[in-house]
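The chain contents come next:
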Amino acid sequence: MQKAKKLIGLALVTCMAITMVAGCGSDKTSADTSVAAGSSVVADSSAVATDTTKALDPVELQWYVVGNGQPKEMDAVLVKVNEWLKPKINASLKLNVFTWGDDFEQKMGAKVQSGEKFDITFTSNWALNYQQNAPKGAFVDLTPMLDEFAPKTKALLGDKAIKGASIDGKLYAIPTNKEMAHNWGFLVNKVLAEKYKIDLTTIKKFEDLEPALQIIKEKEGANGVESFQTITGESAYRLLDFEKLADDNVAGAIYGDGRDTKVVNDFDTAEAKSMFTTLNKWYKAGYIRKDADTITDFSPPRKAGKVFSYVASLKPGKGAEQTLSDGVEWTQIDITPPRATTREMTGSMQAISVTSENKERALMFLELMNTEPELVNMVNYGIEGVHYKKLNPTTIEQTQLGKDGYNNGLQWLFANQFNTYLFASEDPEKWAKFKSYNDSSEVSPIIGFTFNTESVKTKVAAMTNVKKQYFPGLETGKADPATTLPKFTEKLNAAGMGDVLAEMQKQVDAFVATKK
Amino acid sequence: MSQNEDVKSTNSIKPFWNGMFNLMFIIYSIACIIPLLLVIGVSFTDEKTITTDGYNFIPKVFSLESYKWVFKSGDAIVRAYGLSIGITIVGTLCSVAIIAMFAYVISRKDFKYRNIFAFIVFFTMILNGGLVPWYMVYTNFLHINNTLLAYIIPNLANAWYVMIMRTFYQTNVPDSIIESSKIDGAGEFRTFIQIVLPLAKAGLATIALFQTLAFWNDWYLPLMLIDNSKLYNLQYILYKTLNAIQYLAQASNITGGSAAILAKLPSETARMAMCVLAIGPIILAYPFFQKYFVKGLTVGAVKG
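Taken in order, these protein sequences are the chains called H and A.
Numbering follows the numbering used here, with no gaps: position 270 of the first sequence is 270.
Numbering follows the numbering used here, with no gaps: position 153 of the second sequence is 153.
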């Protein structure tokens, strides 16, 4: 009896504690939303008023991005940036550069989920997933605000980019103005190619590389040179350039050349099968290393000059860029034509958090980042005369302090890449080439489409597991497609591929219908 | 004397099995030590030699380059080193004090509410609030994010160690000693500090060692709670470097080109050098605690 009483008492106390905590929680959120709503109303009216007067309150804008971690000289640079910003929009910037991977993902995930206050964050299809977070209400819908606070940015990006980055017609983040298309091809070690007089101009498609691989295997194989470096994820399979609907791990794509909008299992198309067969042949001939399906540390052999060729994502000047960073001369061979898909549009963008207390000011700041070369270069390269020296109006050289203390390498992230300075080692025509690359790109028939996995979530996860089991063998040539491919397809079917493809087709058709 | 030998012979195992057990543990120890030696070896190797010859226990081309890089790249690592040491010392002292006191109170049979308090601790071992509420408590309620307290407070009390300590007090500190000190006129604090704690030294040392390890090796708290790069500890810098390299090696669609970014991160040997530096102090801590360690862990079993 005594014991039962005690237990009941304990249960009651626990219940009370739980309800108290829960009560606090809900109270707080409701208060938050009311405050947020109130402030946005006030801000709206004040923003209208500021068209004529400069009565903006001083605010601090917190901006989180991904990169190589916080540079040492950040504080010094921010002082200058803020001196510049103050008279323009009366705001001061606090920029935090987190590190690739968990550092950025976990921290931003916690901030978004817990509703912590901040203003701007980097988002994309590969870090702090835009397509998942935006519909959940993490970011502000910028569509109605663009005309008032960022008209120049809107014009600059153009309809193509804005549509491509929108979800259900709503733009939740400003894409970085950079190369907005992709193509795939080879990077080939120039020294080795010249040594054996290999004519690279004859290589127009994937199979054309074979004679060269044979020569390298015969002459340099003994020196440990890999004829054709293949790694999982960035393998020859990319050259087929399917437009994937979910992510790379999930079967289901349309043909990249935009011939139609029919969803197929891209892993089991005739094109894929013939490629796997060729790769398998190459693997058996020893052009691909035996443990290709498991290696992840692919960069040291490239730098050591022990790789003859590999498949890479290209853009104008990619070969020169890679030559600089590797210290090995690379020539690029474009195989696929440039294409613009949703993926490029959402590859690098800045979103404004719904928890921000200064949403308008944050957008005004992004407008300045996109339109003012002085600001974007300061954020990219630091202070002139301290972190870099100008060689001519568009070319700079980093000082030692700049190299050690402010070397972000994030030109593709901070707003408008076309306004940034170039290094002396870069092609002075880089931006012109980028522009014509963008203009020449074929636009995907389903640009702006994002597959919503919600209704087939578990099946997608099951398919991902199957892919991870079978695909590395196929894409590196280790597995024989004649036996592995049917098994792979069978397992995918068992994991529910039929339903997933049907759902994809349904969503694609609905998307195409709204566009007409 | 002869009786002693008798006991010994009945308790000892056959020489063959004795040898087998020894062999087993020797192999196990080697399996633990070899990777460590390899890490040390690689950290002293020249970077280019690694790409051409692979990893070697004894460096073919000896080089201190990686250690130079670690100390040149910054005050960041040196500062993190200092922080880690400070956090470990302060954190261990505070947490051992709290665990010792809490466990003592719930081990006393004459404390009326001990079961309730024991349950409160025990409860957290089975259920927790989940990540987001956990995060919100520290950031929105306690506001310790971005301060050094974020390293210490979440690790202060550990339910499992409280349980171990409680058992330790119950088995090693007889009630009669506490009673007699009370009769002699000692207050509760005096009893605790002068009578109970010295008897519980072995248990305290064991927990102190575990907590030292926990504080030293912790990278999760800065991952969640620290944004300011000046407050990162050593393990976290190591963790985020390795994690970034892994992430970049797999992420193919990063706009800047993942290979170009990878080139900027520390090389293989530098990573190994960081590992060696991170292991350093904790190896020094072991001999310190070893005396008590075995005793502390065998608690609960019948002892001769």
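The hints are simulated quantities; they were obtained by calculation from the structure and are not laboratory data.
Treat the hints with caution; some may be incorrect.
To be verified - Label pairs and their computed distance ranges (CB to CB): (1) P281(A) x K487(H): 38 to 44 Å; (2) G129(A) x D499(H): 31 to 37 Å; (3) G129(A) x K487(H): 42 to 48 Å; (4) K94(H) x D175(A): 47 to 53 Å; (5) S274(H) x T124(A): 57 to 63 Å; (6) L36(A) x K468(H): 53 to 59 Å.
As the list claims (entries may be wrong) - Far from chain H, some chain A residues (derived; all Cβ distances over 12 Å): (7) V105; (8) Y138; (9) I237.
The beta carbon of each residue, even a glycine, is placed where N, CA and C say it ideally should be.
Verification of the hints:
1. In this structure the supplied range 38 to 44 Å is violated for P281(A) paired with K487(H), their Cβ-Cβ distance being about 52 Å.
2. Restraint check, G129(A) to D499(H): a C-beta distance of roughly 36 Å satisfies the suggested window 31 to 37 Å.
3. Separation of G129(A) from K487(H) is about 44 Å and conforms to the stated range, judged on CB atoms against 42 to 48 Å.
4. For the pair K94(H) and D175(A), the supplied restraint of 47 to 53 Å is violated, since their beta-carbon distance comes to about 59 Å.
5. In this structure the supplied range 57 to 63 Å holds for S274(H) paired with T124(A), their Cβ-Cβ distance being about 59 Å.
6. Between L36(A) and K468(H) the beta carbon distance is about 31 Å. The supplied range of 53 to 59 Å is therefore violated.
7. Chain H leaves V105(A) outside its interface by the beta-carbon criterion, the shortest separation being 18 Å against a cut-off of 12 Å.
8. With a least CB separation of 10 Å from chain H, Y138(A) falls inside the 12 Å interface cut-off, contrary to its annotation.
9. Distance check on I237(A): its Cβ comes as close as 9 Å (rounded) to a Cβ of chain H, failing to clear the 12 Å threshold; non-interface status is violated.
Taken one by one, the earlier hints fail for this structure at numbers 1, 4, 6, 8 and 9, listed in ascending order.
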